[in-house]
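Below are the chains, spelled out letter by letter.
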Amino acid sequence: MVRIKWLVTLLALLVLVLGAASISAQDTAPEVLVTADWLEENLDNPNVRIIEVSVNPGVYERGHIPGAVNFVWHTDFVDPVQRDIVSGERFQELLRAAGINDDTTVVLYGDTNNWFAAWGIWIFNIYGLTDARLLDGGRVKWEADGRALATDAATFEAGNVTIGEANADLRALKDEVLSVVLGETAGQLVDIRGAAEYNGEIFAPEGVQELAVRAGHIPGAVNVPWGQNVREDGTFKPVEELRALYAGVGIDGSQPIITYCRIGERAALTWFVLHKLLGYEVALYDGSWTEWGNSVGVPVNNPAGTVWGGQ
Amino acid sequence: MSETVIGGSRAAAPARSSSSRGAWLRTSLALVVCIGLVGVAYLLHDAAGYGAKASFSLLIGAALGVTFARGRFCFFCILRDWIEKRDSTGMFAILAALAVGGIGYAVVFGAFLPNAFSGRLPPDAHIGPVSWVLLVAGLAFGVGMSLSGACISGHLYRLGEGYSRAPFALVGAAVGFGLGFFTWQSVYLGAIRSAPVAWLPATFGYGGALALHLAVLVIFGIILLRYLPSSKNLSTNLTPHESHTTGSLTPLRARRGDGGEVNLGNSTSDTDESERLTLASLASTVFRQRWNPLVTGAIVGLLGMVAYLRVEPLGVTSQLGSLSRTALDNAGLLADRLNGLDTFAGCATQVVQTITENGWLIGGLVLGSFAVSLLANRFQISALTFKSALTALGGGVLMGWGSMLALGCTVGTLLSGISAFALSGWVFAAAVIIGVWASLRLKLHS
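Protein chains in written order, with numbering that gives the first Met the number 0: chain V, 0 to 310; chain F, 0 to 445.
Calculated directly from the structure, the hints in this document are not laboratory data.
The model shown is predicted, which means the values in this text are computed figures rather than measured ones.
One or more hints might be untrue.
[To be verified] Pulled a few chain F residues facing chain V out of the computed Cβ check, cut under 8 Å:
{"no.": "1", "residue": "A110"}
{"no.": "2", "residue": "F111"}
{"no.": "3", "residue": "R309"}
Backbone N, C-alpha and C fix where the C-beta goes; we use that ideal spot for every residue, glycine too.
This is chain V alone, in the form it adopts within the complex (with noise of 0.2 Å):
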């Protein structure tokens, strides 16, 4: 009987031990990602505000973290008229409504693969609000988890953040990746889309509308597509094995970076990977194909050929 109390107590023990060792393990984590655990804990915390921001509309409404706000990507960050990321004016509003002040730990998340959050994080630190992170995971992680979801909108007394002058190191605009492309500056470029879109066989992904005349990608871009920086639940590889990914294709950091994709937001994604997790200069080109593609004049490497309205 004694024997079996001592071994109870040893066994406790040791779970304790695992258990700080493991959180201790989360403290090291960069600040830009928290857990579904971390998050779980803290939807009560009055200084934590969670945003949903997911690519398909209805998906919040019918359930989401409770406690969290939801922006919408296509009207909430972006000027819904001329093809620019939100104004500062009107993201502060858009902040203060949601009840963030300065102090305010945001957290973001979305569906997909975090795909449009990873964006907002974007525009939340290019407006100079850098302690916005990411859900690991993401709305489909958290739902696989089993975790708790709400469905009342919430709602919250205006905040008073105040945001920043918009930070230009963080976007690449057309001109600027024209130069790295002719070698007047230093740079690299990542185009995060599939393959067949990068090698041009393809003008956009099935099922998609084609927005570009022209196939291929930026010359000089390497190939990773955004799903290499995932793991199978949706969540991060690991800091070192992403590390490893993208020396293997020669981004090491050496050199400013650059990504983009089709639209400009998945590549948002490796953006948050090689600039929040690795801590290279990155700046994401928000123009992406949908521009390059569609501009006279600018260099396109097209290895497949593949000519708009046939041979």
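Take the given structure of chain V and dock chain F to it, following the hints.
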């Protein structure tokens, strides 16, 4: 017709042994269908590419099928009873569905979009553009209903009862959908693009919109009270298809043998001793008598709310229309992109290679109706003539064409639209009623 009631106490005396064997067969088959439905729903839940929404859609569809069949929730039959037979009993099922649906949608909207004045519309609620195209579409739909003998949801549940015109009407609807796409392309810029997408809560708020909604329903209810039949005319014993086509069967059958009657207008049996619930009376209420229209409507309204909360608003044409669109797309006959179509909520069509959630819902609807009509001994393959097949096909084409342009049918645009406080739902309803009324006047249905 010899009458057999599954689980009931009074199977007809003649041919007892053969009918009890028939009853056993029917019950077994119904059970197999029910188990199949539940089994498929269970498997879908974890199936790659489907998941909880597909599974849930199948079950909602089955529940709708049971409710439609047992409550005879057939828009055409209900309208014809009212217009031709001056019997508005069934209309109260529609009013009840809209009342409960409206309350349900208001509850869901409050959670989905707390501020009705934000300038946004609630996600994927069936709020459509209001233009003359919607009116024409509704008229065509009403005429198509009369010609073919039922609306699209009516054909789907009556397919489960053995209505032999239903397959012709449904094929016709798929063809009509195809024609509708071409019409859409030609009228979009002229009429639909600039048409107002009017949503009442954006003007009146949720409370105001719901109050207005209920007030209008009450006014219709008061008007319709005059057309309720007296209890004398209640009950004859007709086969399922007779009851759909003659319209003389008052929905609330008298409880044969126990004398108690339930009537919307004047209940005579509140204190009747025979109202006491027994297993036999329950079985009779569920499987033998037609469901009370108010109960039927309330269940339909509730299912509409549940469907919107969990999956998408109720509708029955999206999979059908998608089949047409996919076929036309494969044949290279239709533009990849239909002007502006994807910017409206409604029974959306897409080029698909798979069974959508709406497809599962429709499958559940037909099978749910089939199972319950077996249990109720109402399954009977109806007689078919060349003429009735042809008119079903033609009516189906009109319905498909109309529901493509209206972005839904009597379920998607009328029921889910009005419940969502969309003006388009009311306009479509008015046009459908006028279309049915005119067709009945012109004797198109006979």
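Comparing the hints with the structure gives:
1. A110: holds (5 Å)
2. F111: This interface hint holds because 4 Å falls under the 8 Å limit.
3. R309: For R309 of chain F, the interface hint holds, since the closest Cβ of chain V sits about 6 Å away, which is under 8 Å.
Figure legend: structure checked against the earlier numbered hints; every hint is met.
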